[in-house]
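Visitor: What follows is the residue order along each chain.
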Amino acid sequence: MTNPTPCYHCGLPAPSGGRFQIQVLGATREMCCPGCQAVAEAIISGGLEHYYTHRSESAANPQSLPQALPDELALYDRSDVQQPFVEHDGELSETCLLIEGISCAACGWLIEKHLRGIPGVSEAHLNLSNHRLQVRWADSQLPLSSLIKALRKIGYAAHPWQADAAAEQLQRENRRAMRELGVAGMLWMQVMMATMATWPEFNIDLSPELDKILRWVSLFLTTPIVFYCCGQFFRGALRDLRTRHLTMDVSVSLAIGGAYIAGIWSTISGQGELYFDAVGMFALFLLAGRYLERRARERTAAATAQLVNLLPASCLRLDAQGQSQRILLSELHVGDQVLVPPGALLPADGRIVQGQSSVDESLLTGEYLPLARNPGDAVTAGTLNVDGPLTVEVQALGDATRLSAIVRLLERAQNDKPRLAVLADQVAQWFLLIVLVVAALVGLVWWQLDPSRAFWIVLALLVATCPCALALATPTALTAATGSLHKLGMLLTRGHVLEGLNQIDTLVLDKTGTLTEGRLTLSAIHPLRELDADSCLALAAALENRSEHPIARAFGQAPEAAEQVDSHPGLGLQGRVGERLLRIGQADFVCVLSAHAVPAITGEHGQWLLLGDEHGPLAWFVLDDRLRDDAPQLIAMAKTKGWQIMLLSGDSSPMVAEVARQLGIDDARGGLTPDAKLTELKRLHSQGRRVLMLGDGVNDVPVLAAADISVAMGSATDLAKTSADAVLLSNRLSSLVQALHMAQRTRRVIIENLAWASLYNGLVLPFAAIGWITPIWAALGMSVSSLLVVLNALRLTRP
Amino acid sequence: MPALYILIPVAIALVGFAIWLFFWAVDSGQYDDLDGPAHSILFDDEDPKHKAAVTQVQQQDAEKEPQVPPRA
Numbered sequence: 001m002t003n004p005t006p007c008y009h010c011g012l013p014a015p016s017g018g019r020f021q022i023q024v025l026g027a028t029r030e031m032c033c034p035g036c037q038a039v040a041e042a043i044i045s046g047g048l049e050h051y052y053t054h055r056s057e058s059a060a061n062p063q064s065l066p067q068a069l070p071d072e073l074a075l076y077d078r079s080d081v082q083q084p085f086v087e088h089d090g091e092l093s094e095t096c097l098l099i100e101g102i103s104c105a106a107c108g109w110l111i112e113k114h115l116r117g118i119p120g121v122s123e124a125h126l127n128l129s130n131h132r133l134q135v136r137w138a139d140s141q142l143p144l145s146s147l148i149k150a151l152r153k154i155g156y157a158a159h160p161w162q163a164d165a166a167a168e169q170l171q172r173e174n175r176r177a178m179r180e181l182g183v184a185g186m187l188w189m190q191v192m193m194a195t196m197a198t199w200p201e202f203n204i205d206l207s208p209e210l211d212k213i214l215r216w217v218s219l220f221l222t223t224p225i226v227f228y229c230c231g232q233f234f235r236g237a238l239r240d241l242r243t244r245h246l247t248m249d250v251s252v253s254l255a256i257g258g259a260y261i262a263g264i265w266s267t268i269s270g271q272g273e274l275y276f277d278a279v280g281m282f283a284l285f286l287l288a289g290r291y292l293e294r295r296a297r298e299r300t301a302a303a304t305a306q307l308v309n310l311l312p313a314s315c316l317r318l319d320a321q322g323q324s325q326r327i328l329l330s331e332l333h334v335g336d337q338v339l340v341p342p343g344a345l346l347p348a349d350g351r352i353v354q355g356q357s358s359v360d361e362s363l364l365t366g367e368y369l370p371l372a373r374n375p376g377d378a379v380t381a382g383t384l385n386v387d388g389p390l391t392v393e394v395q396a397l398g399d400a401t402r403l404s405a406i407v408r409l410l411e412r413a414q415n416d417k418p419r420l421a422v423l424a425d426q427v428a429q430w431f432l433l434i435v436l437v438v439a440a441l442v443g444l445v446w447w448q449l450d451p452s453r454a455f456w457i458v459l460a461l462l463v464a465t466c467p468c469a470l471a472l473a474t475p476t477a478l479t480a481a482t483g484s485l486h487k488l489g490m491l492l493t494r495g496h497v498l499e500g501l502n503q504i505d506t507l508v509l510d511k512t513g514t515l516t517e518g519r520l521t522l523s524a525i526h527p528l529r530e531l532d533a534d535s536c537l538a539l540a541a542a543l544e545n546r547s548e549h550p551i552a553r554a555f556g557q558a559p560e561a562a563e564q565v566d567s568h569p570g571l572g573l574q575g576r577v578g579e580r581l582l583r584i585g586q587a588d589f590v591c592v593l594s595a596h597a598v599p600a601i602t603g604e605h606g607q608w609l610l611l612g613d614e615h616g617p618l619a620w621f622v623l624d625d626r627l628r629d630d631a632p633q634l635i636a637m638a639k640t641k642g643w644q645i646m647l648l649s650g651d652s653s654p655m656v657a658e659v660a661r662q663l664g665i666d667d668a669r670g671g672l673t674p675d676a677k678l679t680e681l682k683r684l685h686s687q688g689r690r691v692l693m694l695g696d697g698v699n700d701v702p703v704l705a706a707a708d709i710s711v712a713m714g715s716a717t718d719l720a721k722t723s724a725d726a727v728l729l730s731n732r733l734s735s736l737v738q739a740l741h742m743a744q745r746t747r748r749v750i751i752e753n754l755a756w757a758s759l760y761n762g763l764v765l766p767f768a769a770i771g772w773i774t775p776i777w778a779a780l781g782m783s784v785s786s787l788l789v790v791l792n793a794l795r796l797t798r799p
Numbered sequence: 001m002p003a004l005y006i007l008i009p010v011a012i013a014l015v016g017f018a019i020w021l022f023f024w025a026v027d028s029g030q031y032d033d034l035d036g037p038a039h040s041i042l043f044d045d046e047d048p049k050h051k052a053a054v055t056q057v058q059q060q061d062a063e064k065e066p067q068v069p070p071r072a
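Chains A and B, in that order, are what the protein sequence lines are.
As numbered in the working numbering, residues 1 to 799 make up the first sequence, in order.
As numbered in the working numbering, residues 1 to 72 make up the second sequence, in order.
No wet-lab data here; the hints were simulated from the structure.
We treat Cβ as the ideally placed atom computed from N, Cα and C, and that holds for glycine.
Keep in mind that the hints are not guaranteed to be accurate.
Looking from chain A toward chain B, a few residues come up when the C-beta cut is under 10 Å (computed) [to be verified]: (1) Tyr51; (2) His54; (3) Gly108; (4) Lys113; (5) His125; (6) Leu126; (7) Gln171; (8) Met178; (9) Gly182; (10) Leu187; (11) Ile213; (12) Leu219; (13) Leu221; (14) Pro224.
Label pairs and their computed distance ranges (CB to CB) [stated by the list, open to error]: (15) B:Ala13 to A:Ile264: 17 to 27 Å; (16) A:Glu209 to B:Ala25: 33 to 43 Å; (17) A:Ile264 to B:Trp20: 18 to 28 Å; (18) B:Ile41 to A:Phe455: 28 to 38 Å; (19) B:Ala13 to A:Gly236: 32 to 42 Å; (20) A:Leu436 to B:Ile41: 46 to 56 Å; (21) B:Phe23 to A:Ala27: 47 to 57 Å; (22) B:Phe23 to A:Gly688: 28 to 38 Å; (23) B:Phe23 to A:Ser686: 46 to 56 Å; (24) A:Ser103 to B:Pro9: 50 to 60 Å.
Only chain B is shown next, with the shape it has when bound in the complex (with noise of 0.2 Å):
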């Protein structure tokens, strides 16, 4: 029993940790999307495809790499 008397702070301090933490992830944000998340876990990000078309992209660039483009 006596061990209570510790126990029940220490709960009261983690639910406070817990509002707290929670009411950052909220104003950060990370609570405004509740639909992309779920299915962009879903989605294959390692296409082999995609990525040989980026580094293509990528290569072009860098041989154009010296005219600069004019700034906007």
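If we strip away everything but chain A, and leave its shape as in the complex, we get (with noise of 0.2 Å):
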């Protein structure tokens, strides 16, 4: 096969032929696809074909986002519907939209372009960190839902945010950091020129009350450094010390809280050195490490993980006298009928009264191929309508659903996780140790020579030992990896996974999703007469390119259209293709066409369907779940770290066997329900394993939550990703190989700066205790040090 060209708008291949085409910049340029084509048109038709020029990264393929149907988005123009996410202020409304499709600063530009220049649109700001687009607009000229439909134009999904309490308070702590952050580098800099005027090194002509002043502003000025910016320090000791652990915390409150005193007692008394720059300085360095550490991780979360859609937002309700109404799905009772279009998700458990149809539960159960439903059979919430309309009765809403119950199982696993051990920690509780005890030790000879130079060089001690490069050791370094991960491809969403990659002995994988692509693709085609395998296949995507069902992409784009495509619901489709009549689908429904018999299937894995023409069948296509390209990787560097695993699924196939034997997994089980893999991955717990868990699905939701490290794909479900500690947005499993061998690098680059600042603490250690260290030494070391960790984390961030 030739290497296709790469689609000039999304990036995925494009189909060679050139039947989308259009001029970008001067050029022509291949299209993968009609929604591409029709994105691009639409940007180049607004004048911003600049964003071609300005992007770092293909823009997001127009069908990978979220269906929206015309008449769910005229909902948003209800004002009841409205009411809790639109202000009104006279004239001008304000809302904010979380917007999917965002890859690089480009889109940004593009949108906010595109948004002003649309009539009635006032004034419209993206926000790139939390992809959430604040925009007012004269509801008059202009309803909400043609401002979606603009949007969605230009090839991006609108969603109606509002903030939510763990959304409110993101944003405040996050604001209350950057506070933190501000007030401690404005004032340390006040008292560094206040206290440095009183050091004997730079004290030439100060006369003994503007030592007493400069002493006293000093103190004033790091009061709120110590009260305000440090509190965290503070609770963080506090907290652990009654847990009966001495972490940095612990260590970092002593030295702020010391020197803070000492200075005190220094200033009232006006006489002995003044450590507040050091009380400014190491709380700056420390805030800003953290802060840093925050944002790494919270920037790229925000955006992934803030929509939770396990159901659609509204349905179709049918009314006594069979018409469908689109209502929201809160206005939806138990007992009403409601109408399932095949692509749409079913809004509620129920049973099904009229329709015949094929759906899709691999998200909630794990089994791959849709299965058969008939009237009378009960659904689920979540699950896809693939083939044909139904009717189903709503049995269930809400909290009552299975989903709901899957969900109320995700909240007590997340209970249920295990804390992995900090190396920060481990180290900061021994260096405490050792400093105290030396402490008391230099006091108590310092007290037998000379009591009154005892205090302060006990002070002296503490201070130069301060652990301020111990405490940047971690933040740092975790940082500079998160960075570098992210550009490879996975978001890491919590702290602990980075450190915590390296104490893990045991792999547990889902398959459908996770191992698998977790969609149909086609597998073989088995010619049954004249024609090759690829004139088969070209009259086989003629047809299904006019098709909506979700197998229809496993043919990929056909080089010519299809005439008078009929689809049959539940059986197959029927078009004409130049002069030949064709048929694909079900073997009955195409072989009546010719009146031929079925002809045998020859293997047992995937669905089978057959093309047909007047004269007989043409060939069997086989769709399967293909396995992922880079799983055998995956598995092999699993196993030379030699590191059990295990495949949990929910799929009761042969295919789980199947897989396991083609990868060279001993241990897989297959039909487990959600509980059942959670009480698997506890008996994991109670042998003292340290488990990783990869997983897409709804059904695996809460064993991520339980693991000690949770992987979600980047195409899993919503809540999967929510609730996982990272996400491989690339969906690439090699990405996690590459994370692994990153987690090694950081686990390397922490305990050398953590050997480095003890070896430097170690050293200055004899020279505090024999009395000759001045503020003046303690600050240089502490910022020559704190400096010589950050340049060593920063080597994180080359690949």
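Work from the hints to combine the two standalone chains into their complex.
Guide: Here it is, written out as structure tokens:
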């Protein structure tokens, strides 16, 4: 096969033959699908062609965005629906929309420019960190639904967004962290000026009154640093002391508290050295380290994990006359009848009243093939109707659905998550013990020699050995590594992942969507007559391109177009390509056309579709869920590390054993409920195992939440992504292998940093003990050792 | 040296003002997006093609003006 040209808009492979072309930036560009073509046309007709010169990443494929139905959008124009998220201010309305499909900074430019060009929009501002669009517009000129459609036209999906409690708290915390950092920075500079003037090295002609004034000024300015900015260290220390742990927070609090109290004493008594500048510097460095670490994680996490859309926002209710009306999900009641068109998610648990279809339950159960459903069968909220329209009588809604039961299991599982040991805290514990013992010894010795100096020497010792570099060792390394991993396509949403990956000894995998692609792809073509496989595929693709069915995508783009295509739900498609009348789908349905007998199926796995014309069957197409190309690589790596590998799948078909055989996994179990998966995980925990869980479906969610470290695929359900500790945005298992290498490098850098920081503190200890350390040496040592730690951590930003 | 007696209070007042200004900036959300502004400055806002397209849309809209669109 020749290498296909990538689509100019989204980067996916474009079909050969130039079916979708468009002039961009003075050259003809190939597009992969009509969707990309339409988006590119809309961008160019808006005069925003420069998007293509500005962008640094390919755009998202418009088909990968969630579907938006026109009548569902129209619901957003109802004032009772708008009420919670739109604010009215005279003529203008203001709302916040969450945008999907943003891939780089140029997207922000494109969205803002495009909206500002629309009459009626007065202001549009996109926050690139959390992908929220703040927009002010005149409601009378432009309904909200048109605004959302305008965004859709240039390739972005928008959802009304309302801050929930967690998002508001996150924003408050972020702003508080920023304020603490800013206050510490600004005050420290002032404190440094005032304090340094009193040091013997700089104190040339300071009068005693001015010396006193400067001491009081430094005390005055340091107080907010200690009480406002360092509150989190003291609170952390108190919490850890209560649980009888000596952690980094305890060590930090002791240094800051000690230097501050000594400073007060020195200010009041007017003698001895001031260490206020050390307090400020220490606070600023630590707060900066923690702020950066926090931002590296949250910036990216916020964008992926905000929407937990397991159920559709609206549904079609049937009234007594059988007329359908689109209503909000919240307006649906038990006993109502809803119409579920093919390709739509089921809004509630219920029973099929009318219609025949197959339902894709893969996200809920792990079954990889859609299952046939007939009138009288039960269906579950959150599953996908594949073939034909279904009329469903609602039996359970909201909290009563099977889906909610899994979500509740998730909440229980989160409490069981074990805490992994943090390297820095272990070091801090020893460090603190040693420093305290040495300080006590030095104090005792000096008390015998020269009682007047004993206090100042012990203080200088405590400040000089202040664990600044030690406390920065971990956050700086984690920040740098988190950034590099993001570039590799792995997003860390919780802090313990990188350090924890080194302690893992068991790998638990899900099958559907994790080890496999999670969607049907064409695995084989068996021609039955004179036409070869490629021509059969071309004919089949021509038919399937006219279908919205999820299976249709497996056939790729057709070089020619079919005409008069009719869809027969549950059976297949009929259409004309050139002179030929063709059918594709169920074998019986296809064979009726030619009155031939159904040819024999020669294999077991997958879904077999027949293509035939008026003269008989042409070819079998076998669709199957394919293994991901990099799955063997992951398993091989896990084996070299000596991990125990387990495959836990909800799928009860023989596919589980087949996948396990192909990958060489000995321990594979199928047909597990979410509850059973969780029980299995608890059994592993009770054996003292450290588990890395990799999954994607709703049925994996409880296990993802309870595992020591959990990773969700980028294509996973929203709920799985929010409950996992990391997300493989690239959807490549090889990113996880790279993450493991990165975790090892990070661990090495953390150890180097800790070793260097301890070495520095060890070296300075004897000098402090004999009383040679003055504040200037303490300040110099602290900044140089911290700088070295930061520079060492920066090595992790290089791949 | 006597200058210090004035300069020290002035410095403290200035820091107080700077902190007040900083708090105001943080609370009004200016530090919420630390990525966007860094990029947006690089993009060309005065692209003649875009301006032409915007004018065109506005003209089309002005022509349509007599029929007031129905309020949602």
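Visitor: A:Leu187 was flagged as interface toward chain B. Is the shortest Cβ-Cβ separation under 10 Å?
Guide: 7 Å, holds
Visitor: Using the nearest Cβ pair, does A:His54 come within less than 10 Å of chain B?
Guide: 5 Å, holds
Visitor: Taking the Cβ atom of A:Ser103 and the Cβ atom of B:Pro9, is their distance within the range 50 to 60 Å?
Guide: 53 Å, holds
Visitor: Can you tell me whether the CB distance of A:Glu209 to B:Ala25 sits inside 33 to 43 Å?
Guide: Holds, since A:Glu209 and B:Ala25 (Cβ atoms, about 38 Å apart) stay within the stated range.
Visitor: Was the hint right that A:Tyr51 lines chain B, CB cutoff 10 Å?
Guide: A:Tyr51 check passes; min Cβ-Cβ to chain B is 9 Å, inside 10 Å.
Visitor: At a threshold of 10 Å, is the proposed contact between A:Gly108 and chain B supported by beta-carbon distances?
Guide: 6 Å, holds
Visitor: Does the Cβ distance between A:Leu436 and B:Ile41 fall inside 46 to 56 Å?
Guide: Holds, since A:Leu436 and B:Ile41 (Cβ atoms, about 51 Å apart) stay within the stated range.
Visitor: Taking the beta carbons of B:Ala13 and A:Ile264, is their distance inside 17 to 27 Å?
Guide: Holds, at about 24 Å.
Visitor: Classify the hint on A:His125 as holds or violated, based on whether any CB of chain B lies nearer than 10 Å to its CB.
Guide: Holds, about 9 Å.
Visitor: Quick check on the hint: A:Gly182 CB to chain B CB, less than 10 Å?
Guide: 5 Å, holds
Visitor: Could you check if A:Ile213 really has its C-beta closer than 10 Å to a C-beta on chain B?
Guide: 7 Å, holds
Visitor: Return the status of the interface hint for A:Pro224: holds when the least beta-carbon distance to chain B is below 10 Å, violated otherwise.
Guide: 9 Å, holds
Checked against the numbered hints above, the structure breaks hints 12, 18, 22 and satisfies the rest.
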